[in-house]
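J.: We have chain H already, so just place chain U with the ligand on it with the hints.
Below, each chain spelled out in residue letters.
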Amino acid sequence: MQDMLTPLVDRDLKDMIQDARDKGSALEILGHGTKRSIGHYNEKNVPLSMRRFSEITFYEPSELVISARAGTPIVEIEREIKGYNQHLPFEYLDFSSLFDTEPGYGTVASLFATNFSGSRRLLKGSARDHLLGIKAINGRGENFSSGGRVMKNVAGLDLAKLMANSWGTLAVMTEVTIKLLPKPPTECTLFMYGLEEDIALEALRSAVSTPFEVSGAVHLCRDHAHPCLEGVTYVRDKAVTAIRLENTAKSIAYRSEKIKDLLSAFGDIYYIDEPESKLFWQNMRQLQFLSGRDDAVWRISTSPQRAYQSARQIKKLVDSQVSYDWGGGLLWISTRGVADMGSSDIRRIIAQAGGHASLIHAGSEASQIVSPFHPLDPTHMKLTKALKQMFDPDSVLNPGRMYNGI
Amino acid sequence: MGIFSKLQDKIKSAVPRSVIRDLSELLSEDQIVLDQSGLKAYETDALTAIKVIPFVVVMPHTTEEVAAIAAISHKYSIPLVPRGAGTSLAGGAIPLSNAIVICLSRMNRILDIDLTNRTATVQAGVTNLAISAAVDRDGFFYAPDPSSQLSCTIAGNIAMNSGGAHCLKYGVTTHNLLGVKMVTAEGEVLDFGGPYYDPAGYDFLSIITGSEGGLGIVTEATVMLRPKPEGARPLLLGFDTHDAAGDCVAAIIAAGHLPVAIEFMDKPAIHSCEKHANAGYPLDVEALLIIEVEGSEEEIDVGIQQILRIASQFNPSHKRVAQTKEEAAAIWLGRKSAFGALGRISEYLCMDGVIPLSKLSHVLAKITEICKSYKFDVANIFHAGDGNLHPLIMYDANRPGEFERVEKCGAEILELCVLAGGCITGEHGVGVEKRELMGLQFDETDLYNQMRIKLIFDPNWDLNPDKVFPLEIAEKFREEEMIKPQGDNQ
Ligand SMILES: Cc1cc2nc3c(=O)[nH]c(=O)nc-3n(C[C@H](O)[C@H](O)[C@H](O)COP(=O)(O)OP(=O)(O)OC[C@H]3O[C@@H](n4cnc5c(N)ncnc54)[C@H](O)[C@@H]3O)c2cc1C
Numbered sequence: 001m002q003d004m005l006t007p008l009v010d011r012d013l014k015d016m017i018q019d020a021r022d023k024g025s026a027l028e029i030l031g032h033g034t035k036r037s038i039g040h041y042n043e044k045n046v047p048l049s050m051r052r053f054s055e056i057t058f059y060e061p062s063e064l065v066i067s068a069r070a071g072t073p074i075v076e077i078e079r080e081i082k083g084y085n086q087h088l089p090f091e092y093l094d095f096s097s098l099f100d101t102e103p104g105y106g107t108v109a110s111l112f113a114t115n116f117s118g119s120r121r122l123l124k125g126s127a128r129d130h131l132l133g134i135k136a137i138n139g140r141g142e143n144f145s146s147g148g149r150v151m152k153n154v155a156g157l158d159l160a161k162l163m164a165n166s167w168g169t170l171a172v173m174t175e176v177t178i179k180l181l182p183k184p185p186t187e188c189t190l191f192m193y194g195l196e197e198d199i200a201l202e203a204l205r206s207a208v209s210t211p212f213e214v215s216g217a218v219h220l221c222r223d224h225a226h227p228c229l230e231g232v233t234y235v236r237d238k239a240v241t242a243i244r245l246e247n248t249a250k251s252i253a254y255r256s257e258k259i260k261d262l263l264s265a266f267g268d269i270y271y272i273d274e275p276e277s278k279l280f281w282q283n284m285r286q287l288q289f290l291s292g293r294d295d296a297v298w299r300i301s302t303s304p305q306r307a308y309q310s311a312r313q314i315k316k317l318v319d320s321q322v323s324y325d326w327g328g329g330l331l332w333i334s335t336r337g338v339a340d341m342g343s344s345d346i347r348r349i350i351a352q353a354g355g356h357a358s359l360i361h362a363g364s365e366a367s368q369i370v371s372p373f374h375p376l377d378p379t380h381m382k383l384t385k386a387l388k389q390m391f392d393p394d395s396v397l398n399p400g401r402m403y404n405g406i
Numbered sequence: 001m002g003i004f005s006k007l008q009d010k011i012k013s014a015v016p017r018s019v020i021r022d023l024s025e026l027l028s029e030d031q032i033v034l035d036q037s038g039l040k041a042y043e044t045d046a047l048t049a050i051k052v053i054p055f056v057v058v059m060p061h062t063t064e065e066v067a068a069i070a071a072i073s074h075k076y077s078i079p080l081v082p083r084g085a086g087t088s089l090a091g092g093a094i095p096l097s098n099a100i101v102i103c104l105s106r107m108n109r110i111l112d113i114d115l116t117n118r119t120a121t122v123q124a125g126v127t128n129l130a131i132s133a134a135v136d137r138d139g140f141f142y143a144p145d146p147s148s149q150l151s152c153t154i155a156g157n158i159a160m161n162s163g164g165a166h167c168l169k170y171g172v173t174t175h176n177l178l179g180v181k182m183v184t185a186e187g188e189v190l191d192f193g194g195p196y197y198d199p200a201g202y203d204f205l206s207i208i209t210g211s212e213g214g215l216g217i218v219t220e221a222t223v224m225l226r227p228k229p230e231g232a233r234p235l236l237l238g239f240d241t242h243d244a245a246g247d248c249v250a251a252i253i254a255a256g257h258l259p260v261a262i263e264f265m266d267k268p269a270i271h272s273c274e275k276h277a278n279a280g281y282p283l284d285v286e287a288l289l290i291i292e293v294e295g296s297e298e299e300i301d302v303g304i305q306q307i308l309r310i311a312s313q314f315n316p317s318h319k320r321v322a323q324t325k326e327e328a329a330a331i332w333l334g335r336k337s338a339f340g341a342l343g344r345i346s347e348y349l350c351m352d353g354v355i356p357l358s359k360l361s362h363v364l365a366k367i368t369e370i371c372k373s374y375k376f377d378v379a380n381i382f383h384a385g386d387g388n389l390h391p392l393i394m395y396d397a398n399r400p401g402e403f404e405r406v407e408k409c410g411a412e413i414l415e416l417c418v419l420a421g422g423c424i425t426g427e428h429g430v431g432v433e434k435r436e437l438m439g440l441q442f443d444e445t446d447l448y449n450q451m452r453i454k455l456i457f458d459p460n461w462d463l464n465p466d467k468v469f470p471l472e473i474a475e476k477f478r479e480e481e482m483i484k485p486q487g488d489n490q
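Those protein sequence lines, which keep their order, are chains H and U. Going by the numbering used here, the residue at position 170 of the first sequence is 170; the numbering climbs one at a time, nothing skipped. Going by the numbering used here, the residue at position 432 of the second sequence is 432; the numbering climbs one at a time, nothing skipped.
The hints are simulated quantities; they were obtained by calculation from the structure and are not laboratory data. The structure displayed is predicted, hence computed values, not measured ones. Take these hints with a grain of salt, some might be off.
Covered by chain U, per the in silico footprint, the following chain H stretches (three or more residues, Cβ under 8 Å) [to be verified]: (1) 30 to 42; (2) 115 to 126; (3) 138 to 150; (4) 277 to 291; (5) 308 to 320; (6) 377 to 386.
Straight-line Cα separation of at most 27 Å, DSS-like style, residue types lysine-lysine; simulated pairs [stated by the list, open to error]: (7) Lys238/H to Lys260/H; (8) Lys250/H to Lys325/U; (9) Lys278/H to Lys169/U; (10) Lys260/H to Lys278/H; (11) Lys228/U to Lys250/H; (12) Lys183/H to Lys238/H; (13) Lys385/H to Lys75/U; (14) Lys169/U to Lys183/H; (15) Lys476/U to Lys14/H; (16) Lys258/H to Lys228/U; (17) Lys258/H to Lys325/U; (18) Lys382/H to Lys75/U; (19) Lys382/H to Lys44/H; (20) Lys183/H to Lys359/U; (21) Lys82/H to Lys359/U; (22) Lys275/U to Lys319/U; (23) Lys258/H to Lys169/U; (24) Lys169/U to Lys319/U; (25) Lys366/U to Lys325/U; (26) Lys385/H to Lys476/U; (27) Lys319/U to Lys359/U; (28) Lys82/H to Lys258/H; (29) Lys228/U to Lys260/H; (30) Lys51/U to Lys408/U; (31) Lys250/H to Lys319/U; (32) Lys82/H to Lys75/U; (33) Lys169/U to Lys250/H; (34) Lys359/U to Lys408/U; (35) Lys183/H to Lys228/U.
Positions of the beta carbon are idealized from the N, C-alpha and C atoms, including for glycine.
Chain H with its partners taken away, still in its complex shape:
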């Protein structure tokens, strides 16, 4: 393991980039490293952590906006905004239980560089959607900025949102500005147990098509449900279909009744009150349903329309367990004992359905044989390479993390 570079100010970072360019070496761009095991690891890249870029630089609660240097711990931001009853609405994923690392770590810029949004994405949008502005340094060592601290800004190309899901391969963000939302006053969840998958998806579809602002719509298979239900209900050994409502107490009382009426034909519906509801969704956000197992884990974005059929096809070919988030638009699949972790079958089926599959956790199998990110078709690869070339012509920023050379 090489020594970690830890720049403190822009100047340091630029020098380090220049140094790498001069030497023909490359850098591994990190925050706290909580997602280090996602994507290709290239031991030749010199690790560089942004963790000393840590400071909240601006917060205006009445405008729902906060700015922080890239390496600011997420928990610090959450602590600050909690005092004003605000939150990061995209419910970012916490991988600590999946990777068996210490919880509570993670830096703010990585939320956007990786763009992993949780269940509330369905209603409130992704991490990317809440990124208002950035300051960054690209692989040429140039400082640039995009966006700003106001909610709307359409001047020029939106390089801020372009950083979403770029995994530090285009530029190193040095500061981010984020749109916040008021925390909903309270929440509840409706549970249905033991539904067949297709029935469950139909129930979710009905619920998210109502005007009642469903902010979570998941179906966990029996295997996955168990660890998420711990402390939530006494039922543990059944698949669970969960629908979350967040609003004022009066409003969720009214809305949950409406949804119960609508879904009564699907089966019995159980009302889960705020404390247990919170615990359940926290478990979801922490991916408890996938943790503590030796399986490979896939995260698949696809159209709800095609989700069930795709999952069925996959299950026929690969020993796997499937759960759904985003009302059917997100599949979490754990596979076991397959040489390529199911990659070729899963990706072929998802490519046909439309969407993409990322390998989040390689289990005990070696991840090197499978591309962690969904392979791009040749035209997209060409554009991807061209973009990389424009921002980072000498390939010093995280080369190979996403794709070969990217």
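T.: Only chain U with the ligand this time, still in chain H's reference frame:
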């Protein structure tokens, strides 16, 4: 203007007649506009002060035709200017004299509505409102709602990243777009995203949205549909000062309420809208807020009570909650026809700055001062919840030199917005109008990083080439970084 227009003139003299021959081999007669009177209809958009007759206008019906047209423009390296309904307020669709204008308004078919995915896939020339209309009976709508929604196209919305009054809650175009089919400058057809969230790899959709026709010609789009709320009701709050209205908005948001829309009008705006729409706006207030609350009847009642309670701290001199659907519609009609209403009084330049809400009264006072110094009247309309300010500066278009003066006045206002911590455009885009003001917000390196992306998609710089980027910087950039096309010695 110097360098670029000279460059363009040089190319113009070289527009070969064979361009027309190639186009007519591809398209039928009624898809090509060549005669002067026909071309005149395309000489401008909603920035009517600038007019340029294009070389030719073409109206494709299919993506294949768009690709073939792009290939022709590429072959001869002549500018290609995409156009939807021509409602851009920034001059985004204003032609160049040697350009092919490619107008997508005939590509107006809704291709697929999928209520399970809650998505619609439409051709680029479908109007914004047509999408909502197509799914209205199923209880859905397409959220971004520019006031021009009856006529503007989805492709224009994507190009400008358009917003609207209800974007406070639902986001602007970039938050509601899932996929596009796009033709590059060289005529290649590309697909980005699809009916699912968060595309694989780099987020190309984020730069295509807002690219003002400079990266490609969008021919199809897949957008998110949302369930319609059970109901919605606006209320009106009138205040004696701008301060009080601004503080009231800040207090509502700080208290954790995010109504679906918070709109602000100053006195001149109120008066002209009222005259136009008879919405029942109070005429004796300095500032008016329209706040809309959504939900069931009971939820709306509760929401409105909460807002009224907060507002009472700021002593509103007028309070009225819409009691009927008709009243609600009249309130919104007044607001949504504001631009039209003011247009009846005078020619105006519509600015589109964004400011932090906390700077509202300071900025409004300054705007009045600036306009006074130019002897222009001004009316202000403001998407208050997200800080997007539309000062409409009224001027006499028939007086020589007035447009230059009003442009200068507008530039001062936008500089003020940037200094206050905001930006030069919140939803209308840069176009030709604010091109030279980009320097207020970006330094040269920022712009280079943007222009490099344009080069990937448009290596010869043919697509809407005179928009968005300051001409001299763009020229310098091209000289330094553009790979000269083979055999091109211009
Ligand atoms: C009365 C009035 C009210 C308005 N209200 C609002 C408002 O509330 N909110 C708001 O955001 N805007 C508003 N606008 C501005 C305008 O309506 C929007 O910018 C709209 O999105 C433009 O759509 P369009 O179809 O008219 O596009 P056009 O004006 O034809 O073109 C706009 C831009 O899009 C590009 N373009 C068009 N088609 C394509 C394509 N197929 N591929 C690539 N690029 C393309 C053009 O080159 C140009 O740069 C208003 C305008 C008017 C006149």
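J.: Starting from Lys385/H, check that the Cα of Lys476/U is at most 27 Å away, please.
T.: holds (25 Å)
J.: Under 8 Å between beta-carbons, do enough residues of the stretch 138 to 150 of chain H, three at least, approach chain U for the coverage claim to hold?
T.: holds (count 9)
J.: Holds or violated: Lys169/U with Lys250/H, Cα cutoff 27 Å?
T.: holds (21 Å)
J.: Straight-line Cα separation of Lys183/H and Lys228/U no greater than 27 Å?
T.: OK: Lys183/H and Lys228/U at ~22 Å, within 27 Å.
J.: With the threshold set at 27 Å, check whether the alpha-carbon distance from Lys238/H to Lys260/H stays at or below it.
T.: holds (20 Å)
J.: Check the hint pairing Lys278/H with Lys169/U against an upper bound of 27 Å on the C-alpha distance.
T.: holds (24 Å)
J.: Under 8 Å between beta-carbons, do enough residues of the stretch 377 to 386 of chain H, three at least, approach chain U for the coverage claim to hold?
T.: It holds, with 5 qualifying residues against the three required.
J.: Would you mind confirming whether the straight-line C-alpha gap from Lys275/U to Lys319/U stays at or under 27 Å?
T.: Distance ~20 Å between Lys275/U and Lys319/U Cα, so the pair holds.
J.: For the pair supplied as a hint, Lys228/U and Lys250/H, is the alpha-carbon distance within the 27 Å limit?
T.: Holds - the C-alpha atoms of Lys250/H and Lys228/U are around 20 Å apart, at most 27 Å.
J.: Count the residues of the stretch 115 to 126 of chain H whose Cβ falls closer than 8 Å to any Cβ of chain U, and tell me whether that reaches three.
T.: Check passed, 5 qualifying residues.
J.: Quickly compare the C-alpha distance for Lys382/H and Lys44/H to 27 Å and report which way the hint goes.
T.: holds (25 Å)
J.: Within a Cα-Cα threshold of 27 Å, do Lys366/U and Lys325/U meet the stated pairing?
T.: violated (38 Å)
Of the numbered hints given earlier, the model fails hints 1, 4, 5, 12, 25, 28 and 32; all others are met.
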